[in-house]
Structures are given as C-alpha cells and as structure tokens.
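One letter stands for each residue in the lines below.
There are 6 protein chains.
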Amino acid sequence: MDRVPTGIKGLDELLGGGFPEGRCILIVGSPGSGKTTFALQYLYHGATMGETGLYVTLDEQPDHVKQNLLSFNWDLDAMEKKGKLLLIDASGLRKLRARPEESSSVYSGEFPEGMGFSDLLRTISKVVEGENIRRVALDPITSLMLRYGDVLERRRATTAFFDTLAESGCTSLVTSELKTSLLDRRFQIEEFLSHGVVLLHTLFHEGNIVRAVQIEKMRGIPHDTQIRPYQFGPAGLEIFPRDKVF
Amino acid sequence: MDRVPTGIKGLDELLGGGFPEGRCILIVGSPGSGKTTFALQYLYHGATMGETGLYVTLDEQPDHVKQNLLSFNWDLDAMEKKGKLLLIDASGLRKLRARPEESSSVYSGEFPEGMGFSDLLRTISKVVEGENIRRVALDPITSLMLRYGDVLERRRATTAFFDTLAESGCTSLVTSELKTSLLDRRFQIEEFLSHGVVLLHTLFHEGNIVRAVQIEKMRGIPHDTQIRPYQFGPAGLEIFPRDKVF
Amino acid sequence: MDRVPTGIKGLDELLGGGFPEGRCILIVGSPGSGKTTFALQYLYHGATMGETGLYVTLDEQPDHVKQNLLSFNWDLDAMEKKGKLLLIDASGLRKLRARPEESSSVYSGEFPEGMGFSDLLRTISKVVEGENIRRVALDPITSLMLRYGDVLERRRATTAFFDTLAESGCTSLVTSELKTSLLDRRFQIEEFLSHGVVLLHTLFHEGNIVRAVQIEKMRGIPHDTQIRPYQFGPAGLEIFPRDKVF
Amino acid sequence: MDRVPTGIKGLDELLGGGFPEGRCILIVGSPGSGKTTFALQYLYHGATMGETGLYVTLDEQPDHVKQNLLSFNWDLDAMEKKGKLLLIDASGLRKLRARPEESSSVYSGEFPEGMGFSDLLRTISKVVEGENIRRVALDPITSLMLRYGDVLERRRATTAFFDTLAESGCTSLVTSELKTSLLDRRFQIEEFLSHGVVLLHTLFHEGNIVRAVQIEKMRGIPHDTQIRPYQFGPAGLEIFPRDKVF
Amino acid sequence: MDRVPTGIKGLDELLGGGFPEGRCILIVGSPGSGKTTFALQYLYHGATMGETGLYVTLDEQPDHVKQNLLSFNWDLDAMEKKGKLLLIDASGLRKLRARPEESSSVYSGEFPEGMGFSDLLRTISKVVEGENIRRVALDPITSLMLRYGDVLERRRATTAFFDTLAESGCTSLVTSELKTSLLDRRFQIEEFLSHGVVLLHTLFHEGNIVRAVQIEKMRGIPHDTQIRPYQFGPAGLEIFPRDKVF
Amino acid sequence: MDRVPTGIKGLDELLGGGFPEGRCILIVGSPGSGKTTFALQYLYHGATMGETGLYVTLDEQPDHVKQNLLSFNWDLDAMEKKGKLLLIDASGLRKLRARPEESSSVYSGEFPEGMGFSDLLRTISKVVEGENIRRVALDPITSLMLRYGDVLERRRATTAFFDTLAESGCTSLVTSELKTSLLDRRFQIEEFLSHGVVLLHTLFHEGNIVRAVQIEKMRGIPHDTQIRPYQFGPAGLEIFPRDKVF
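Residue numbers (the working numbering), protein chains in the order written: chain A, 77 to 322; chain B, 77 to 322; chain C, 77 to 322; chain D, 77 to 322; chain E, 77 to 322; chain F, 77 to 322.
Calculated from the structure, these hints are not laboratory results.
Any given hint could turn out to be false.
Pairs count within a copy or across copies, as identical chains cannot be separated in the list.
Cross-link-like lysine to aspartate or glutamate pairs, in silico, EDC-like; alpha carbons within 20 Å at most [claimed, not checked]:
#, residue 1, residue 2
1, Lys160, Glu97
2, Lys320, Glu282
3, Lys158, Glu267
4, Lys160, Asp300
5, Lys320, Asp88
6, Lys320, Glu89
7, Lys160, Glu229
8, Lys142, Glu97
9, Lys142, Asp239
Generate coordinates for the entire structure from the input sequences, incorporating the hints supplied.
Structure (structure tokens):
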C-alpha cells in the first residue's frame, strides 16, 4: 500500500513510511493535546511537497486557526496564496439547529435547499475534485454534538462525514476530542468508522503530566503499537519513536 | 467433537486442535487489535485446504478489506478466483435506516420487499447452501448499532444473525468491537449468544502496550483459559501459547 | 435441613453435605465459567442415584447442550433413555416477543392461548408433578432479557420463574450470566430472589486468569464463605475446597 | 436514652448497651451476609426476656424463614406458641402490581378496598397496639422494588413504612440489600430515613472473604464507629467488638 | 469580614475565628457523620452567648432531635425555655407531594393557599425578622429529594431555600447527605449555591474507619484547607486542627 | 501573538508572558479553589495598568463578591469609582425559567421582549463597545444549569456566551465548576468551546490536600504543561511555576 509522509517528526518511523494512501485517519486527543497542530502540520507538509491540502474547520474561524499556529516555523499564508492550502470555514454550522428531515436525507439523495450539513458534504466533494486535493483535514468532528441531541442522528451525521471523505480518494484526517482523561475509556463511534486511529494522550504519572502518542489502529500496514512520548517543538509536534513514556 | 483448524499460529494448541465444528465463535477486540485479520486468516487457511469460505463485510468494502491485508503473505485474489473465497459486500446496510416493521418480521416469516437486513440473512443462507460453504466470517456485528437506536431491536437483529449462522452448519466467526479498553468490563449480548468467545486485549502495563489473547468461552471442548501474548507476523496473527503476558 | 449431594467434586464439603433440599439455587458466572456444566453435572449425579432430573434450556437446543458436554465422562444419552433425565427445549422462547398482556397475567390466573412464557411455567409444573422430578435446572435465566425491554416486566417474569420452581418442591438450579468481570459489582435481581447463590468467578491476578467459586449465600445451612479455586476435569467441575485462590 | 439489648453477641458492647429504644434501625448487607438471622436473633432475644416480637416477611414465607434458622440453637416454634413471636406473611405483596392511586393515598387518609400495601401498614399498626409488641422486624424492604417501577413511588412507599414503624413506639429493624459489594458506594434512601444503620460487609481482601460489621449511624447514643469482624456461630451472629478486620 | 464563633472545638482555629458573618454554610457528610450535632452545637453555642437561634428540621421531629443529643452536656430545653432556641418542625413537609404549580411560583410572587413549601420559606423569613434571629440551621436539605421527582424542580426548590437564608441576614447552616462514601465524587448543587462548604468525611484506611473534616470552600476568609481528624466528645464534635488524618 | 499579563503571580512565567490577546480562557476548579479570586485578580491587575475591566456575576451579587475579596490587598472600590472596574449583576438570571423560544432565538436574530438571557448578551456587547473594555470575566458559567433542564439547550446557551465573548475582542475569562474531584474526568462542553483552559485542582495525596494549577490548553502560544502547586497569598493566587506538586 502506498504511503503518505505525515510531516510529523518521528511519526513516519512508527508508521513504516507514512499514512496508508487514500484512507481516513482519526486523531483523538484531550483539550490542548495538539490535534489542530497535527492536522495543519500534515497539510503544510503536503503543501511543501506540492500537494494541495484542504482544511475544513468546524470550530474556530480560519483566521484564528492560522493565528494559533504562528509560533511554529510554517508559512501558512504563503501556502494559501500559492493555492496549496485551501480553508473552508464551517464554524458557523454548529450554530444552526439540525433540520428534522436533514440528517435522514444524507443518504436519500434528496437535499433540502439552503446552507446546511448536506451542503458542506457536497462542497467538500466538489472542492476535492475541482482542485485536485490530495490531503484533507476536518477539525473537529466533535462540533457535531452541538447540533444533534439524538445519539442516532449524531451517528448518522458522523457516518456521512466519514463516507464522504473515504469516497474522495484523499488521505484524510479527522480530529476528535477525547471524552475522558484516562487510558481506560469507552471507544467512540469515530474510532470504529475510521481506517486508522492515532491517540494523543495527556497522562498523569507520579505528579507529572506526560504527553504520549499511540497508534491504536492503522488498517493495511504494520505499525508500531507502543505508546511514545511527544512534545511541541518549533516545527510542530515531535514524537520520540524509540522512547518509552515512563 | 470434530475440530476445525484455525490457521492462527498457536491458537490450535490453545484449543486442543481447532474450533469445534459447526459452531459460531465471537472474536472481540479493541480497535486495531486484528479482528479482521483474524477472520480472513481463518478463511484463507480453510481455502488452502480446499474449504470454501464466505466473508460478509458490514463495514468496509471488500476491495478495501483485501488491500488492508496485502502486507501478509496471503494470495486472497487467487483464492477468490478459484472460487474458494466468496465476499458479500453488506457495507451499505449500515446506511439504511431500519424499517419499523423489519426487525420484528425476522422471526415472523414475512419479509418486506426490497434489499434490507432480512435479505442479507436469506442471501447468506442461500450462498452457504448453494456453494457448499464450510467457513463463514461476519465482520463486524458492531455495525448494527448504526442502524438501531433501540436496544431491544438491536438485540433482536443480533440474535437473528447468530441464529442464521448456527443453522447454516458452518463453523462461523463474528467479530465485535470491545466497548472499553479494560479487563473489567460489562459483558455484551454477543458474548452471550455465541458458542465461543475469543478476546483480543490491548493492555497497558507499566508504560507498555501489550497485546494478549484469551479464550473466554468455548463450549464443548477443553481449552486453555490463560491470557497469552500475540503479535502480527508475516502470516497474520501469531500467538505464543505457552508465554505469560507479564 | 436435609441435604442434596451436588455431584460437584469438593462442593459438598463446602456446603456441609450438599444443597438444602427443596430450595432454588442460583449459579452466577461469566461466559465460559461452566454454568451449564455445573447444572448438568448436578442432574447427572442425581440420575446416577436414581433421582429423575429435568433440564430446561432457554438458550441452546438440547442436542447442542449434550454435544457440548461430550468431553466429560458422563453418559447423558443413557440417562435420558432410562427416563432419568428429561430435557425441555425452550430455546425458541427468546425469539418470541413478549405479548403486552402476558407478563401481567402471570399472577392473574388468566393465561392467553398459544405457546408462550406462561405455558412454559405450567409445563414445568406438570412435568415435575407427573414424572416425580426431584432436581430441576433452568439454564440460563439471562435469556429473558432478549424478550423484555422493560425492567419491571423482566423482574416480574424472573420472579414468576423462581416462584414456580420454589413451589415445585424440587431442589432447583438456575444459571445466570455475570454482568461484569469484577468482584465489585451490582447485585442482580436473581440473587435476591434465590435461596442460595454460587458465584463462578474468572479473576485476573498478576497476569494470570484464575477460576474461583464462592458460596455467596445459602439460606438455612452453615457453609464455607471463602473463595476457592476450581478447574474443569474429566468428570466436570472440580473444586479445591481447602485451597486459597492466591 | 433507654437501651434495648440486641441479643447479637458483641453488638451491645459496640452500642454501649443496645439499640436506642423506640427507634428504627436499618440492617444493610450483601446477599448471604445474615440480615434475616440478625432480625430474628433480635426478636428471639426479646422473646426470651418476655417481650413480644413481630416479624413481617416481605420475601420468604414464614415456614421457610423458620426452617432457614434451624441450624441455630433457638426454639422459634416454642416462642411462637407462647405468643411471644408473631409472624405476618406479606411475601405475596410483591406479586401484586401497585395500583396507580395506592401509593399516593398512603398519606391522604383514604385507603382503597382490598388487600394491598396500605392494608399491610394498618395491619402492622393494629397488631403492634393490640398485642403490646415491643420489637418489630421487617425483612426486607428491598422487595418493594419488585412492585414499583417509578423511583419516586418507591421512595414514598419506603417512607410510609418507616413512618409507620417510627409511630408504633417499637424498637424496629428493617433489612435492606446492599446494592454493590464495595465499601465505596452510593447511599440508599433507607439509610437516610432510619435512625440507625448497621452495615454487614462482605469484603475481599488479599484472596480472602472477610465478614465485617460497621455501625454507620446510631442517632442519640455514642457508639463504636470502627469496622469489626463477625461470624456465624451456634447462637447466630457473633461480633468480635475489639478486633480489627485486617 | 466579621466572624461568628462556631462552638465546634478546633473549628474556629481552622477558620481563623469563625464563620464569615451573614453567610450560608453547607455541612456535607455521610450518614452518622454528625451533621445534626454540628448544626445544634452551633446554635447552642450562640444561645449561650445570648444570640437567638432557629432550627428548622426537615427530617426528624424536634423531640427526637433533642433526645438524640441528650448524650452531650448541653441543656437545649433550658435554652428553648429562655427563648434562645426556636424550633420549626417541617418534618411533615416531605410527606406532601409538591403541587405542580408550586415550585415555579417560588419566584413569581404568587403563593398558593394552604401549607406547603412556600409557606415554610415565608415562615422562616418572618420568624427571623420578628425574633431577631442571628443563627439559623436547616437540617437536612436532602429531604427535598423525597418531594421532587424532577431534577430541575429540585434545583429550583434548593435555590429558593438558599436565597431565603442569604436574604435573612443570618449566619446559616444547611446540612446535606453525602451521596457516596468516597473522596472522589460528583459535586452537588448545594455546594455550588452556598458561601462555604464543610465536609465531614468517613474514610476507610487500612482496615480502619477515620472521621475527618475538610473546609472545602469558605468565601471571603482565608482558612485551613487540609483534611483534619475529628471525634465525638462530651460537648459535641471535637476537631484536631493541627493533626493529619493518616 | 500579543500577550495580556494575568496579574496571577507565577502564571505569566508558565504562559510565556500572559494570556493570548483577544481570546476566551476557561478557568475550571472545584468549590473553594479560587475561581472568583482568579477572575477578579485578573481584572484588578488590568485596572492598575489602566485597562477597564468588566465583571459579570451569574451567581453572587457584586457586593458579596467584593466583600469576599476584602482579605486581599486590592482596592476594588477605588477601581470601581475610577471607572476602571465595571460590574454587571446577572445573579438574578438563574431564578428565571428559560422561556421555550428563547434559547433557539439566540441565533435567529429575533429577541423576545423583556429581560432575559439574550438581553444579557446584548448588554455585555454594548458595554464592552461603549466603555472600551479590554478584559471581561464571566463568573460562573455553571449557573446556567439552574435554568436549563435540557442538555442541548444548555449547550446552545453556553455556546452563545462564548461566541459573544469571542466577538467582543476582549481577552475574557469564564469560570466553571469542576464536576468531580478527580484528575480523571469527563471533559465538559466549556473546555471544548474555549481557546484556553486553566484547571485549578484540589488533589488528595497521602492524607494531604494539595492545590495545583494546570494549563490544559492555550491555543496559539507555547506554554508549560506541567501541574504546579499554588496557594492563596495576600495579593491573591500565587503559583510556584517551577515546583512539582508531589
């Protein structure tokens, strides 16, 4: 299976070269663990190699996102101007209530008029096709919980997102908030739906906070299964692929 | 009781020869633990011995499944061409809402028109009979949770699947996602309905991730009850049947 | 109080002779802990002493049950032919939806026409009386959860089962699935309704799986209250009544 | 405050003489911990001193209860014949559905015709007054959960029981099933409503089961607050009031 | 901020002089931890200094409450006769169902006719004003859970109580049952609504029960934040303000 | 990114200079951990440097809040008189029921007549603009749970608050009650919605209570990620930015 270099220092070594091409990978982490950093670092690395990337924000506005990453030595604006980095602002979506018939129509082929969830899916598909996008990042899927009160509806919307990304042919990242701060936890629907899962842990061990990455699942390729320390460096996340956490 | 060799290195030793013939075995594991690898390894091993196997995917499309397993030294395509490996793509089923009257009709003998859950059950039965199938793998039963909001409906659909497999005469595997990452957990309905349960654990022990297999239940045959380490090797899962996990 | 020898090696020593006569004992265990083995071993032992036993299966068909126990040195078929072992197949009951008025009628004296839950209760009563049954085993009560979505209805059905067994005059066993794999757990309604409770634990201790039996409750007789190791042997379950688990 | 000797060996020392007179004490324990033994031992001790006691069973029939206690050196039948021990069989109550208007009428002064929950309360009041009862035991309050699906209704019925006992002037015991097997637990409504709470623990410590009693609450009197071991002896429960559990 | 001496031996040292004047303090503890003792000890101490105190019981009748405290060297009756201790018996309130419109009217200004929850609030306000009360104790707020099935309604009633006390100008205590026996727990609405929270823990440590007090919150004043042992002595609760629990 | 000095001793060192300008930071802590102190200390520090601050209280009245902080060496009244500290009393809001149509209208642009939640949002926006406010503190967001019974409605109201603050251009603080006293916990919606999260822990370690601060998340700037001890001093909270908690 072809590999897509991640741009995350140390991660390609854990993956044996990079993400499997054309797959949809979930990045799960607690608040502040670096999920957005991970997503943009991946897109920026692709852009430096000439691959156009698409960033879809469901939470913060693109300007905020870019501002948040100014401390890293990336030139996102330059990449955006070159057309190598596209940003879709879907942060307003969480403010809209889901229309009753909307989520069910996701799979029925009939889409209601007006901007909404289904429009976003179609927009992503169109942009990916029209702009020859190879890398997509959707950040974070967790925002959907603000729209849907019903568990089943939320599952369907989440499924729709993953299916859209899978059918796009891109190698995609989706970020998700960890629900608890523990290693022992209930698995989330997103983990089940994605081809790969990378966990960004924030562990509390003997009075210290320790950041650690774990490749929980990565279909189709052999990969390191240990839990490895990471930190924030000038170029973004840096993983120590041969160290133990404690 | 006759035995069916599993093809999983080390597992037959734990089972005293293989799975009990004609039974339905549940493979439970966390994301990335190798459930799909386990299922196809079992079918592929049968195919090399001349037994036709049927793989029913409720999650990924067959092409993706086969692609995911390319890193192993199996020739799935050859087996498929020889007619020794059949694949049913039921991945689309999760996108369809369950029709209100459908799940109850499972046992009533009346099936609604159109493709749906009941059709899948009948298709499996027909293929098993028509193609002289001896091994079936259904992967993963967890997808049903995307269809049913109601617990009781989900239980009935799960029961219907297990009954169909039990009545088929095949030695079947069903995979299921573990709900939590712990040894202490709530048992799931699938464990109750199956004749055997094999658990694929992902344990966190003193800073390390440890993969371990445990035969929780295997009706009708004596078997090892300890928890044993396993890893991914070139031929798929490899169990160390005489080692301790830690 | 008169005692009924259990046929489980080591158990009579823990009980000071056997189960209290005429009582209803609950056997609770995790999947694969040997609940069905326990139940049939008890009935078979009675049969060898000339006592007719009745086995009611709510889960597997009788043929499967007997096949599962072939590895033990029992001749169940011979006992069945002598009329010393009767089997009622109620495994189909779990496929039927509970009729709304059915469970409430359990205590009202009016029974609806057709086969159902109430019919099973009356059948058990009739067989016990007509065949001079002394030992009954009902395996497993957990199957009722497949029929009832409502907690209160499930409680009433469970209560009806226990009352029927208590009024039969037999010394009865009822098996139940443990809900979690831990020593610390929530007690289940069945434990509350029965005269005695025997727990079959599957413990995880320092990297090992340990099987252990505990007589949690046994009204009317003094009994060992410790937790004791057990294993599967050629004659069924074997308890080590003077050993510690670890 | 006047004291009522309990008849439980070692308990009066923990209580500084006995239960506070006229109060309602809750005995909470896991299955098999000896709640019924505790209740009858208390009544029997009173009877030997000439105090008439009333036992109300909400679970087992009186004959079963007495049979269960035959292993102790008490002569319950003799006390019953002397009129020093009265038994009310309310075990049938759990089989009746609560009538919708019944629980609310508990406090309204209007009671529906026919036997039911309110009748039991009035019967207890009448018997206590007419027979000059000094000790009452109600065993177990947990049976009410079989009647009421609604939490609020169950609370009201429980409250009604406690109020009836408190107004009777007797020194009363009410038994209740512990919901979990742990020291850390959620408190139950019964603990809140009673004047005193005695806990009968079944602890798991280093591979051993340890029985231990703890006076959690005893309004109006100083009392030992430690957790103390106990066992079953020929005269019933025996507490070791100066020992530690481990 | 002015201080109100508590009368609890050792507590004023932890508080740097006493409770902040005019505030509402919550006393949270498990059953038997001494919440009522704490409340009356506080009022009695005020009475000995000439401050009139008001005790509102939502659980036990005043006679029972006073009887429960006879083992301490207080003369509550004398203080009551002098008019320095007033008692309002609201124990009957828990028996009344909440009227649908009642809880919402708490803030609307319209109060229904007849005795009820709103009447109690008005009575408290009137008595405080008319009798020049400086100290109030309301014991326990937990009784409200017997009245309200709905969480939101219970919150509103709880809020109404706290607001009434805050507006009274008194330094008030409210007692509340701890929901679990652990240090790690979910915070309750009462803790959020009060100006200060004192926790009375019953800890289980190496086979011993240890009683310990902790000032969790005390707005407006510096205070000790450690967890300190306490016991019951002849004058009520005694805290050891410089000791560690273990 | 520009920084805003916090005024919390030791915190600027952890943040590399202060909060990121224009962002909304969540302060999460258990009862008594100093959330209000943190909020006012931040505003007061700004005021001493000439920046006007706005404090919105959703819980206590402004007079109480100021009184609570008298033990610190701040002159809040002087700052208020100079117009450098504005206070909005929204403590009454929690007493009002949410009107059914109100929360949905938050985003629809139509606001109902009368004072309510939407009015508060508009008032905050107007004051911030009209008075050239640079620092806002909203204390505590938790009060909203008293208004809304429905989870989804509460989420929407919470989201509206955060959006209003984000659009104001101010560097804002929002305080929130921690739901449990543990390091392992479920993340709350507020953590997800804010740009930064500062946790104020109250840990129990070997018999001691330890206060500790942790910067869980701070988008846009590198920051210390360890958990650090803090205490209350004469000038408010004091963090020890180079110490370990234990």
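- Classify it for me, Lys160 with Glu97: is the Cα-Cα distance of at most 20 Å met within a copy, between copies, both or neither? This pair counts as within: shortest intra-copy Cα distance 19 Å, inter-copy 29 Å.
- State whether the alpha carbon distance between Lys142 and Asp239 is at most 20 Å within one copy, between copies, both, or neither. between (27 Å within a copy, 18 Å between copies)
- Message: With identical chains, the pair Lys320 and Glu89 could be close in the same copy or across copies; at 20 Å between alpha carbons, which is it: within, between, both, or neither?
- Response: Classified as within; 15 Å inside a copy, 29 Å across copies.
- Check Lys320 against Glu282 for me: Cα-Cα at most 20 Å, and say if that holds within a copy, between copies, both or neither. both (15 Å within a copy, 10 Å between copies)
- Measure nothing new, just compare the shortest in-copy and cross-copy C-alpha distances for Lys160 and Asp300 to 20 Å and report within, between, both or neither. neither (31 Å within a copy, 33 Å between copies)
- Task: Could you figure out if Lys142 and Glu97 sit no more than 20 Å apart (CA to CA) within one copy, between two copies, both or neither?
- Result: between (26 Å within a copy, 15 Å between copies)
- How do Lys320 and Asp88 come out at 20 Å by Cα distance, when the copy is not named: within, between, both, or neither? within (17 Å within a copy, 31 Å between copies)
- Please work out whether the CA atoms of Lys158 and Glu267 approach to 20 Å or closer within one copy, between two copies, in both situations, or in neither? Close neither inside one copy (34 Å) nor across copies (35 Å); limit 20 Å.
- Query: Between copies, within a copy, both or neither: which fits Lys160 and Glu229 at Cα up to 20 Å?
  - Reply: Close neither inside one copy (35 Å) nor across copies (40 Å); limit 20 Å.
Checked against the numbered hints above, the structure violates hints 3, 4 and 7; every other hint is satisfied.
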